[in-house]
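Heads up, the sequence shown stops at 322 in our numbering, and the numbers go up one at a time, no gaps.
There could be a bad hint or two in this list.
Unchecked claim - With a straight-line Cα cutoff of 27 Å, these simulated DSS-like cross-link-like pairs (lysine-lysine) come out:
1. Lys-319 - Lys-271
2. Lys-228 - Lys-317
3. Lys-228 - Lys-319
4. Lys-317 - Lys-271
5. Lys-271 - Lys-228
Keep in mind the hints are simulated off the structure, nothing from the lab. Nothing here was measured: the structure is a model prediction, and the numbers come from that model.
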Amino acid sequence: WMVHSFPTRRSSDLLIDAAPQGMLNVHTSLLPLYRGLMPTFWVLKNDERETGVSVFIVDEGIDSGDIVVQRRIPIHGQTQAELIRQTKRIGMDAMIEALIQVRAHTMTRTPNPSNAGTYFAFPTREDVRQFYRKGKRFF
């Protein structure tokens with residue numbers, strides 16, 4: 184198994200082939216929602232009440248592999264920086280949990296259906312203006 188973290192690029196076949204048993208990645212949203220870039224920005228901008236982290240098996244898509252571990256996080260007025268720190272801490276714990284499951288041969292895979300998900304790209308200037316108009320803060 185290999186742990187992967189390339190937040191802005193799809194995994195190449197060569198990289199996936201380098202880990203014949205599989206590759207795990209952490210995404211800071213509750214997949215299949217908020218695939219793509221800057222999920223902490225988008226959940227705040229969209230006034231979500233919760234978000235989370237997902238450890239998933241990397242495939243050739245973007246944040247599209249089967250989910251191994253998920254943890255929910257309530258949103259209650261955090262800045263984006265605070266939410267990033269919170270999701271990264273919980274994401275590290277979730278990755279450790281996934282690796283323990285791998286080692287114990289107890290890992291379960293939950294489908295991550297593409298037709299049920301959402302994808303977000305890098306925010307535009309207008310997205311940032313709307314973020315500020317809603318009273319959201321980066322720091």
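Structure-based check of each hint:
Distance check on the hinted pair: Lys-319 and Lys-271 sit about 20 Å apart at the alpha-carbon level, within 27 Å; holds. Taking the CA atoms of Lys-228 and Lys-317, the gap is near 7 Å; set against the 27 Å cutoff, the hint holds. Restraint check for Lys-228 and Lys-319: satisfied, since their Cα atoms lie roughly 7 Å apart, inside the 27 Å limit. Proposed proximity of Lys-317 and Lys-271 is supported: the alpha carbons are some 25 Å apart, at most 27 Å.
Pair hint Lys-271 plus Lys-228 holds up; C-alpha atoms about 19 Å apart against a cutoff of 27 Å.
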